Amino acid sequence: MGGPQYDLLMNPLGAVRQTFEKAVASSQPSDVDPTAVYRGKDWGIVDLLNQYLFDQGGLAQVPILDASSQKWMQPNTLVRFRGMVQDMLGNEFYIGAFKDGGTWRTNKFMDFSPFSAPPVSQTTLWERHLFLCIPVPGQNSWAIESTPYPLKRSISNEMTCHHGEKRRRDDDPNRICVISIFFYFFFNMQKDFGSASRHRIAEINDGSSFPTSSFSCLVKVYDMPESQLKLNEVVEFIGIYTFEPELIASNNKEDVDDDMMMFDFMDDVTTHLPPSKVPRIHCLVSRKLSTSDLILNSPAIEPLPNIMRGIRDSLVSYLSCTLGNDVLAAQCLLLHLLSKLRTKSDVASVGRLSLNLTGFTQETASIFGSQLHNVIKTLVPYSHTIPLTIEYLNTATLQPKKDNQTGRLVMGVLQLAIGTHLTFDETFMQSGTLNSKGVDNVLLLKHLMEHQTVEYDFQFYKLEMAAEVQCLIISEAKSNILPADLVVPVCPSAVTPVTASEEQLHAWRWYLATVRSLPHLTDTSICEMLQNEMVDAMRKDRSLGCADLSRWLTMAQLMASSFGEKILSVEHWQMVKEIERLRKESCLLMPFVFDVAVVFDPELREEISSTVKNCFHRSARLLVVSILENLDSVSDTAELDGNVCCSVLKI
Amino acid sequence: MAPAGNSSSPFGGSQSTPLGNSNSSQTPRRSRRRRTNNSNSSPTSSPLPLETPRSHMAGLASTPSTTTRRRGAQHNPSATPSTPLSTDDMVPPYSSDRDDNDNMETDGQDDTTPVFVWGTNISVQEVNGAILRFLRHFRDTRSASESSDTADLMSEGKYMRIVHRIMELEGAESLDIDAHDVFEYDPDLYNKMVRYPLEVLAIFDIVLMDLVARIDPLFEKHIQTRIHNLKSSVCMRNLNPSDIEKMVSMKGMIIRCSSIIPELKEAIFRCLVCGFYSEPVLVDRGRINEPTRCPREECKAMNSMSLVHNRCRFADKQIVKLQETPDEIPDGGTPHTVSVLMHDKLVDTGKPGDRVEVTGIYRAMSVRVGPTQRTVKSIFKTYIDCLHLKKTDKSRLQIDDTADRDSNNNTTQEDDAPLNNDKIEKLKELAKLPDIYDRLTRSLAPNIWELDDVKRGLLCQLFGGNALKLASSGASLRGDINILLVGDPGTSKSQLLQYIHKLSPRGIYTSGRGSSAVGLTAYVAKDPETGETVLESGALVLSDKGVCCIDEFDKMSDNARSMLHEVMEQQTVSIAKAGIIASLNARTSVLACANPSESRYNPRLSVIDNIHLPPTLLSRFDLIYLILDKADEQTDRRLAKHIVSLFFQNPDTSVHEVLDLPTLVAFISYAKKHIHPELSDEAAEELTRRYVQMRQRGNTPGSRKKVITATARQIESLIRLSEALARMRFSPVVEVGDVTEAFRLLEVALQQSATDHSTGTIDMDLIMTGISASERTRRENLLAATRNLVMEKLLTGGPSSRVVELLEELRKQSSMEVHLSDLKIALSTLVSEGLVVLHGDSVKRI
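Going down the list, the protein sequences come from chains A and B. Those letters in the first sequence? Residues 1 to 651, per UniProt numbering, in order. Those letters in the second sequence? Residues 1 to 846, per UniProt numbering, in order.
Bound conformation, chain A alone (with noise of 0.2 Å):
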């Protein structure tokens, strides 16, 4: 069976059918009944489609349906959907097949029967998945750049294909308008994006109206378990796209119809996405995307240590003129960049690095801040902030939540795409008080720091959900709400305007999915010197804690494999040693803002920070000076009370 035999692109249906009742003459003699062989299985289509667009190429020329391409986009015909699962609608039943006369028909794929008769013989019940799918969130421009490439060919090429008088119709200036409406659309996109993110927190808190007025799209999966796909997963789906806007008017009788009245309650999900609003796809192939799969035309680089290296200088470097040459942060924040969680047990989860940059203040943070933002977002895939103040904790929507009424899940802030990269921004916070919605949202947030869940409402009861979240915060002060993993000061000294260009942003993107998606090795004898650096460490320092000592391995592992490497050595591990060395003297010698400064004989320790406590505001900050006492134990002091800054000064 070849290609020309079917035109897959533009009547997928034709194609069904004609493989159905292909299939099923074939199987007539030995068979009774062709539906229970069929019954929850493929007869070749799927087959004959993977083969057209993966060994033969089609897969460039299938249009990619988004908000922009649905208006000229033609019913009936074969489309490519990139979205994340938003929520799951479970199962639907149809008639799979049925007897029209003596052959046999399948449904398989279309909303309605092309036989305008029901079907009055033998019919028998298939099931189908529906998954409500939309953009991803917080998707960079970037990553959806691929849209008109492909595009432009499909449409040239079915401008160039002779395909009925219908398709002529449209052939000419009007064609060529929409297409120039929709590059014109999708610049605008590509600028709005950046604004698009916060613009977005508000379109989402108002909640009520998200899917309506944005983009969803309601995808009919067929012949899968429903558990292969997972909610957030982001998924491309191939399918034959249909679209009802004659609809509409059958539905508004619908509701004067008193029978169908009480009805409405059973179907209230489908009722509520109408076929005229949210365009259905009967998914053919589906496979879910990794971040190298949204890379363009993925250069053929083998991961060879030295280009490795090369990439890694080259990305270290532009991190650190993003933080105003200070290499330290940029070798965490591209450790921090680099982190996955990769397993995760009752309590403990490994892999995640989360960083805190501490030392920003409004106007550093206006300018090194938005810089971060800015090369964050065109690095990663899916990136999203969130200004955290008093008035969006208290008033933002973070949790998602199910909505019992219409049956569906209302997006919350933080239902994220696996692997998304968040941002908070605390810069903004001024002292005030949090409702019991901000309490709320601060622990939803708390939690997804530190055990990577979050937690779903369903009204009468909570679902954890895993969400796997890059995050970075910015704070003036090591953030009190917000645990991180790793907390580093910056010290900008200069401010160098970042500037990269297309090919080199590429080989980072590039560089940063491969090295995510690196194994790590284990070898024994690495194990038993880590064990006894470890051991060394405590000896020396007893406030060491199991937090601390999964850190230095997690980054180990990450700084051995930002290097392209998959077994860690002892290299890595002194590399990483170092960067917790100059951490911490850089976190000690960071020049604050204090409000109070305290000289102090270490024996009265206590009762004067306990006088001062009380004395002064909750937050003001405290210098604690320490005159005698060596400097670890003095630091035990900050951990007194997690409302007092305190740090100290050598003298």
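Keep in mind that a hint or two might mislead.
What the hints assert, rightly or not - No farther apart than 30 Å at their CA atoms in a straight line, the calculated lysine-lysine pairs in the BS3-like style are these: (1) K251(B) / K462(A); (2) K401(A) / K381(B); (3) K428(B) / K231(B); (4) K22(A) / K71(A); (5) K502(B) / K437(A); (6) K230(A) / K462(A); (7) K641(B) / K577(A); (8) K426(B) / K251(B); (9) K381(B) / K277(A); (10) K246(B) / K99(A); (11) K641(B) / K401(A); (12) K391(B) / K462(A); (13) K526(B) / K462(A).
It should be emphasised that the hints constitute simulated quantities derived from the structure, not laboratory data. Bear in mind that the values here come from a model prediction, so they are computed numbers and not experimental data.
Since chain A is already given, all that's left is putting chain B on it; use the hints.
The following block gives chain B in isolation, referenced to the frame of chain A:
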């Protein structure tokens, strides 16, 4: 199966053959008539080789295979929704069939040509007979074993008794039938019932009607059959097309109820011209046809009939949305929902938020494109016709009500049913393992390394001891074990707390800093809507029968902490405010954790100064653990190994035989509910012996003062601990080994917390009063010395002297170290004795 030949004949002639036999009652004839109507009304359906037009009212006779039924539904879209359950509509058509059915039931067996339900292998007579036999003769084997055999033979079957009772009461309209009983009596009938519920239930109803009519021909009401407790229940997300038209049962949570929909059953029309009332018109396939002309001969006016609403008969109907419970949802999935249709009595039996078990028939109906169009979407909507609804919430609230155990024996038996027997067997098997204690310890928070003794203590807390109520005095002894963890920061105390919170059946987790006294106990609030004062429960009351985890215990306000005194010993919360005086049960175990007073343990200070909690409160904790971050290479190495293995997944440490969380939870809840160990004589003896031994340990020869090493509170703790230990083995008796282990646990905890640093012995005074015995002797010595000094140096009414001078003197005199603060305490004692007066810094003798 239905004769295959039928399918070849395209027209109605042979349609009736499956039922067209002499023995058939009126029902098939009815349906035949309807069939003709049907094909007339919709010409498209004429080439129906297999079509048996159906309305659900004709459930008995004309039952097609599942596929045809669906088509029938689709053919007649409006019919399906409005008469989803057949039972009600059955009444009138069959009332005249009584005699026929009587015959059927009596001579059904020897009938030569059996009547089959269309498209199935169900013989109507056979099923009829089977049901009758079941109803008449089924005897509950459980109750039969209790009563004597002869009496049993004489008495009527279980369901006959119930039928009689229903008839006497006249109130109930349904007969609950346990599907397990059906299976026990006749597995074949059970299978048929599950596979073809509509048909079999229709027969069930007819049989019941006859039965009732025979007993009392005047009994008017129709008794419905409600099947419940199927042998297997399905998971909501596993429902698939093959389940359609089958009887299913599933668990779920009601999330939404529609308002009650009145459904027209019988309509009465009145002629607007002559005022003639028509005969009641029955619902036919979901529609009522308005008579076009007045039926009265004299009138015959056209289009004059109008519906008289208040003389029509309506039935209640309600649609309920059922959602999956959290335990059935796989990782990364959202809960599924399913619509459930409730009829008549079932309406409003469940409310949103209830956990229920629903038994019903899974149905599908087609979706019309528009109301006027005949075209039908190829999509089906599914719902469940509810037959029976059982709330499962109750069992949750009754988690091990040990105190009221005897009073509700019955309910506990019922609770066993959900936890199926295999599982219980498995748990019992586990309990028999010799190393179950160690295994449980390992399974508790496996990611927190070490701290084995602490974990053992926590295990004891989870299992708990027996609560006792003394019959004579009415006083109760708590069975809950309270634990305090004190330790350096970063010793994973909080993680342990979190873990226990996750594990315990009704745990509440609070942080000391964020809790107020009322938040912990109970508070009175004004209801915003009614303005009445209402009592709202706090954390401790909410965690009744569970574990209340309090983090940052030390940072709690003293006021809040003092509320705990009552809770931890009396296990109640008493409230007298805003006109509400109440005593609420708070039978909770408290698990608290605190940092030492200086956030890190200060070895220079005594334990009690480090913990810095009022001794009255401390004494209420059964076990106090001091988790110190000691510099110990061994533990360091183990920690390092643990972390490294976490990262590299070394198989040697992770693959221990560990119970997974659900099993652990099941194990603990089963033990708490069913195992109530009692002290054996040997164990009691051992307990006494060792307690006395412990008390005597304080009497070290040579020491002047008696040091108390154990108090009566300890013996209570010990009994609780040993009971908990016996529970872990599912043993009904507390053995000597349990007592020994309990002593070991207590001693480990005491050694950490109650050791007097200056002498190195265990001193319970330290916990009971906050001052160790050695400290007390020291103070007494100092007091004596000061008194002597005052007597010597100061004259009555003479010049005053400065405290500092006295201190100097004392230091010169005695060998021991004297602090200014100590001297001040001693002086204030002297002031109270009336020996001296203290004016600021100067001392004056009176």
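Outcome of the hint check:
no. : hint              : result
1   : K251(B) / K462(A) : holds (18 Å)
2   : K401(A) / K381(B) : holds (25 Å)
3   : K428(B) / K231(B) : holds (23 Å)
4   : K22(A) / K71(A)   : violated (35 Å)
5   : K502(B) / K437(A) : holds (24 Å)
6   : K230(A) / K462(A) : holds (17 Å)
7   : K641(B) / K577(A) : holds (18 Å)
8   : K426(B) / K251(B) : holds (23 Å)
9   : K381(B) / K277(A) : holds (21 Å)
10  : K246(B) / K99(A)  : holds (24 Å)
11  : K641(B) / K401(A) : violated (41 Å)
12  : K391(B) / K462(A) : holds (21 Å)
13  : K526(B) / K462(A) : holds (28 Å)
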